[in-house]
Amino acid sequence: MTTTTKSASRKLTIARAMAEATAQEMRIDPRVFVMGEDVGPLGGVFGNTRGLHDEFGPERIRDTPISETAFIGAAVGAASDGMRPVVELMFVDFFGVCMDAIYNLMAKNTYFSGGKVKVPMVLMTSTGGGYSDAGQHSQCLYGTFAHLPGMKVVVPSNAYDAKGLMTAAIRDDNPVVFMYHKALQGMGWLGTEKGATVAVPEEAYTVEIGKAAVAREGRDVTLVSLGVGVHHSLRAAQALEAEGFSAEVIDLRSLVPLDRETLRASVAKTGRLIVIDEDYHSYGVSGEIIASVAEHPGCRLRAAPKRVAYPDIPIPFAPTMEQWALPNADKIVAAFHQMLSES
Amino acid sequence: MTTTTKSASRKLTIARAMAEATAQEMRIDPRVFVMGEDVGPLGGVFGNTRGLHDEFGPERIRDTPISETAFIGAAVGAASDGMRPVVELMFVDFFGVCMDAIYNLMAKNTYFSGGKVKVPMVLMTSTGGGYSDAGQHSQCLYGTFAHLPGMKVVVPSNAYDAKGLMTAAIRDDNPVVFMYHKALQGMGWLGTEKGATVAVPEEAYTVEIGKAAVAREGRDVTLVSLGVGVHHSLRAAQALEAEGFSAEVIDLRSLVPLDRETLRASVAKTGRLIVIDEDYHSYGVSGEIIASVAEHPGCRLRAAPKRVAYPDIPIPFAPTMEQWALPNADKIVAAFHQMLSES
Amino acid sequence: MQPTAEQRRWMYRNMVLSRYLEERIEALYMEGKTPVFNMAKGPIPGEMHLSNGQEPCAVGVCAHLEAGDIVTATHRPHHIAVAKGVDLDAMVAEIFGKATGLSGGRGGHMHLFDAAVNFSCSGIIGEGLGPAVGAALSRKLQGKPGVAVAFMGEGAANQGAFHEALNLAAVWQLPVVFVIEDNAWGISVAKQASTAVPRNDARASAYGMPGHHVADNDVEGVYAAAGEAIARAREGLGPSLIEIETVRLAGHFMGDGEDYRPKGEKEGLTDPIPRYRGTLLEAGVLDEAGDAALVAEAHARVEAAIRFAQDSDFLPPEAALTTVFV
Amino acid sequence: MQPTAEQRRWMYRNMVLSRYLEERIEALYMEGKTPVFNMAKGPIPGEMHLSNGQEPCAVGVCAHLEAGDIVTATHRPHHIAVAKGVDLDAMVAEIFGKATGLSGGRGGHMHLFDAAVNFSCSGIIGEGLGPAVGAALSRKLQGKPGVAVAFMGEGAANQGAFHEALNLAAVWQLPVVFVIEDNAWGISVAKQASTAVPRNDARASAYGMPGHHVADNDVEGVYAAAGEAIARAREGLGPSLIEIETVRLAGHFMGDGEDYRPKGEKEGLTDPIPRYRGTLLEAGVLDEAGDAALVAEAHARVEAAIRFAQDSDFLPPEAALTTVFV
Ligand SMILES: Cc1ncc(C[n+]2csc(CCOP(=O)(O)OP(=O)(O)O)c2C)c(N)n1
Ligand SMILES: Cc1ncc(C[n+]2csc(CCOP(=O)(O)OP(=O)(O)O)c2C)c(N)n1
Ligand SMILES: [Mg+2]
Ligand SMILES: [Mg+2]
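Chains as they are written, first to last, in my numbering: chain A, 1 to 343; chain B, 1 to 343; chain C, 1 to 326; chain D, 1 to 326.
Keep in mind that the hints were calculated from the coordinates and are not lab data. Glycine included, every Cβ here is placed at the ideal spot set by N, Cα and C. Incorrect hints may have been included.
Below, computed lysine-lysine pairings styled on BS3-like, alpha-carbon distance capped at 30 Å [claimed, not checked]:
| # | chain 1 | residue 1 | chain 2 | residue 2 |
| --- | --- | --- | --- | --- |
| 1 | A | Lys331 | D | Lys41 |
| 2 | A | Lys118 | C | Lys144 |
| 3 | D | Lys41 | A | Lys194 |
| 4 | B | Lys194 | C | Lys144 |
| 5 | D | Lys41 | B | Lys116 |
| 6 | C | Lys140 | A | Lys116 |
| 7 | B | Lys11 | C | Lys33 |
| 8 | C | Lys140 | A | Lys118 |
| 9 | B | Lys331 | C | Lys266 |
| 10 | B | Lys116 | D | Lys144 |
| 11 | A | Lys194 | D | Lys33 |
| 12 | C | Lys140 | B | Lys11 |
| 13 | C | Lys140 | B | Lys331 |
| 14 | C | Lys144 | A | Lys116 |
Which bits of chain C does chain D cover? Going by a derived footprint, with three or more residues having C-beta under 8 Å, they are [to be verified]:
| # | region |
| --- | --- |
| 15 | 136-145 |
| 16 | 150-162 |
| 17 | 187-195 |
In isolation and in its complexed conformation, chain A is listed as follows (with noise of 0.2 Å):
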């Protein structure tokens, strides 16, 4: 192990900081091991298993058939039975054909078995589009994931908490669905939202699931997001401080609890509110977020909350019509701006 020194000025990708974490929780714990298609050799599609199969070896790094539903139902078997899978369902998307597997029966088992059966696994997947991947390889689905009770869902936005989450992830008694954005893992091939890529400690630490961060401070708005908006969301803040305004950004990191505390702190503070989600408009992330806030009684909101989120459509493959309909810094800009003029 190196110094804490040394390792703070250490900087990794998404990919790797998960990458990592799962393999100092192999190395001191026998019982993790992990599963999904082309997680071996190839070290993942998105990189956040590379290395592992090297290290581990086929046995604890399996690579699995086509065959969602049965690998991830195997995955509840084993962490029934005293095991601690990682499973990886490779795009969000692909959810379909195996949903049964993980809201029926990994979020619920611990309940039907009125906590006697734990069920202790981390479902990883890939969310998000912006490389024109089309309808079925570019969604997020955070909505879909954490509107279903008995699994924790969380949403790193950095490298830092990716490590931190997964960590703790891997730790929970609980499952926990660990939500991963392309455009954030550092893949080049992927482009690469610098700011994802940050100082990450080479020992093993927890980031609390559950606990919201504020990426930024402020006072005239407060920007909530998850994932890649955290990072419009930082840039619209910039954007928004040469125009004098001060805006806070809240990075949710957990969907599943939701920390509805530091919300409410933050938009009692600056009365204004602004979700950012690139998952679907409706019954989703935003709603629940601007309902968390409304339905508080001691809220004061200054002006109508507002939503940038994805349209109520299926994502289309052309790049001119995808980056039209996908959050950005300016809409929320834009959005802002309109608030002050409705107010």
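Add chains B, C and D with the ligands to chain A, keeping to what the hints say.
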């Protein structure tokens, strides 16, 4: 065909209303056929295909293997080839084994084809609990379906709407998910909400998909709900009336498209909003309704909105726990009282 | 493979125990549900899938299992739970939804979990197959002994999970046995209307694993096939598939009128319990007195469990909120 | 079943056309993606799965199909689209995301829909199987002729949808043919690491349907097997399964370094196009001049389609909001 005069006084259960709408469309349109588990001689576990097998025979009323992925996928293929399938997912809780065929295929093919391939099909599915069927047979999952683009989603609260929405759904050139609540079906063995069994004209008619109904007019608070929640709301409204308060009840009927205008108009009048939803609390219908009202710049609420929804827990079997967790009229009345005390 | 006299009595005893349990549940289930049948009423509300007739599948398989072995069962789980040694008091209390139930009443009849004997079941067709494969993988990775058995109905053999789980178990050569209880019906849909092959053991070849077929609900036929498959699994030689011809003597669930069954079909079915009793009497493994004692003991055991359940309280309703996360 | 000389030339021509299309797409795809490979850049962004080497599967099957027959294809669809007669201009324009594309650029390379020839494809493994079964059912219910063919990779044969769709097609005896393009790899996972049987045609027996195997990517072997299966389907005798040994000459998708492939394995693969060319030359079905003309015509056709695509505009961005509902 009998006359309107005679039929206007005839009461039907939702189950019969659905079957009647389907039969009438099948008589005039040879493209309509029905597929699903136990829809044939049994007439559907929830009675909504009763009589159809006798009249139309096994070619047009097809019992299927327990292969939801295949037969829902097949419905998409048949719909794209000129048929108009009505297909049943017996319990909505089973969506996890076949959601890909629903949300990635049924709901997106029209968009992927730029509008050139139509997918005119109806996916009927039962929702809801209250009769101790535990955590894999009692869910509503309204939010889950409404969140994902490309499919219309309707939820009738009474037999008149059920027949009209079913006829509209079958005639719609888009996929429509028709979610019927078990407690409203009028099947004795599931208990019966009497208010759902109403006068239904014998002749075919449509209820417009995307239009909410004002189930009761009022001035002091808007109760927004769907399905069985409408009946809880009507009972709550009656109780509130006895206390001298006038509650307006909105029956959403359709989640996609969502009739935000009717909602906002009602809340603009009453200044108070309570959403009643048997689906899970977070990231679902109740959040979206509150957000849709709160984000409207013209909207001035006199009190923080509230929701009476199912808590974020798997649904317990024991009737004591389940009934405690379910929405009901008392909880709505209590929420209103609390609202008054807070504002 | 031949069962010993003791094993034969064990199998018979568990059949009797299971059946009497179902008979008592049936009676108690109907309390409060007459004259109008309403599932929500009575001391046991909700759906109820009885296993009457399918006992040979449970006992013939579980005769080879120990507490450490894993079983995943279906929506029709009682006979298997009994044979696997699930705590009867806690199981019946769970069926009544009581605090003393396996999960305090959170699961009910379709969600019986007893970690002490590695038993679980679920309400979604095919859902137990993946977990059985995973439990077997867990044993392999831990170097711990143990076989996993996944039970399912013949209707489940057309669900995608069946295919994926059998393939995965075979690719990884895991100690799993897949057992199909072919009662010829999936609710109202007959096997030949849902399944492209007459016998599902034929599907074993699609996974390169041995397939066994047991005709006529034969207890010792099940015992023999399961013995072979389980021994093979214990030796590390991989998974097997067994299909057992059995009978559904009750309806799909309580309240099922079964109008869809061809006239006379059900009347032609043989109850396996008197038949096996006859076999054992004839073989001299059991005598009338021994049988009477065994039956009396089984009844007493069931009655005690029912009393335990009835005497137990419900959890406070707010307990609904607990054990979601642990 | 033997192809006529004309059919042989048709198959060869479509192989050449498809390959040249892929070569041009490959080059155009890389524009803007060097020196740093970034999928989002260039005139063709997103994932790109080329079909190089798999042309025999497409042409050998589609030689038996008419426009009215239905084909569902996969994430690797170009060769099949070409052989099924999808409008080449509109297809290439779609791959570029242009307004003149099959769906105005909403679908892209993995979502090519051409209703005029009943072609569609999708990005989810096994997703096309159910729709093929349903289209076949539609023809049966309408009393209209037509066969549906579902293509898939060998990796897809382990997805639950495979099992359910084959069973359903067999139970209902529908005119469907299931075609597996076995290129030995599902991304980085080798067939033997994912599939419990060496050959998927062995799985046909699990559905009581005929299974065919075509070795060595043999064009006319595909033609013969598909001819038999399709004729059977047209005669109302039900579905068949065909597995074709083929080769993935490009990586899984553009940008795939294929480090996971054993050294030398890829070098040992045979390109089916020069080989079939040799066969036809030898058989006298084709001469050098005829070949040159055919190749030139194919190139011209592709270049014209590319020009068409390049010269087309994008839809206005707001068009993203339209055609969700019709
Ligand atoms: C995925 C899924 N589809 C449908 C059902 C509804 N369902 C419950 S039991 C059953 C029939 C099961 O038949 P089989 O597997 O033969 O078991 P049996 O009831 O005969 O014991 C069906 C269709 C379900 N629970 N899960
Ligand atoms: C349900 C699902 N799981 C995983 C994927 C990711 N994926 C895309 S292509 C592929 C490999 C497919 O292999 P195969 O079926 O053999 O087709 P090939 O690519 O070899 O043509 C995988 C795993 C997917 N698209 N859908
Ligand atoms: Mg059965
Ligand atoms: Mg392949």
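For each hint, the structure was consulted:
Pair hint Lys331 of chain A plus Lys41 of chain D holds up; C-alpha atoms about 23 Å apart against a cutoff of 30 Å. Restraint check for Lys118 of chain A and Lys144 of chain C: satisfied, since their Cα atoms lie roughly 19 Å apart, inside the 30 Å limit. A threshold of 30 Å between alpha carbons decides the hint, and for Lys41 of chain D with Lys194 of chain A the separation of about 17 Å falls inside it, so the pair holds. With a CA separation close to 57 Å, the supplied pair Lys194 of chain B and Lys144 of chain C exceeds the 30 Å bound.
With a C-alpha separation of about 28 Å, the suggested pair Lys41 of chain D and Lys116 of chain B falls inside the 30 Å cut-off, and the hint holds. A C-alpha spacing of about 23 Å is found between Lys140 of chain C and Lys116 of chain A, which places the hinted pair at or below 30 Å, so the restraint holds. The hinted pair formed by Lys11 of chain B and Lys33 of chain C meets the criterion: a straight-line CA distance of about 25 Å does not exceed 30 Å. The straight-line distance between the Cα atoms of Lys140 of chain C and Lys118 of chain A is roughly 20 Å, inside the 30 Å bound, and the hint therefore holds.
Between the alpha carbons of Lys331 of chain B and Lys266 of chain C the distance comes to roughly 48 Å, so the proposed pair goes past 30 Å and is violated. Proximity of Lys116 of chain B to Lys144 of chain D is assessed by CA-CA distance (about 21 Å); at most 30 Å being required, the pair is judged to hold. Restraint check for Lys194 of chain A and Lys33 of chain D: satisfied, since their Cα atoms lie roughly 19 Å apart, inside the 30 Å limit. Restraint check for Lys140 of chain C and Lys11 of chain B: the C-alpha separation of about 62 Å exceeds 30 Å, so the hint is violated.
Among the hinted pairs, Lys140 of chain C with Lys331 of chain B is inconsistent with the structure: their alpha-carbon atoms are about 51 Å apart, more than 30 Å. Distance restraint check for Lys144 of chain C and Lys116 of chain A: the Cα-Cα separation of roughly 21 Å lies within the 30 Å cut-off, and the hinted pair is therefore satisfied. Remark: the region 136-145 of chain C is not confirmed as covered by chain D, as 0 of its residues place a Cβ nearer than 8 Å to a Cβ of that chain, below the required three. With a threshold of 8 Å between beta carbons, the proposed coverage of the region 150-162 of chain C by chain D holds, since 5 of its residues qualify and at least three are required.
Here's how the region 187-195 of chain C fares: 3 of its residues keep a CB closer than 8 Å to some CB of chain D, so the rule of at least three is met and the hint holds.
Consistency with the previously given hints fails for numbers 4, 9, 12, 13, 15, ordered from lowest to highest.
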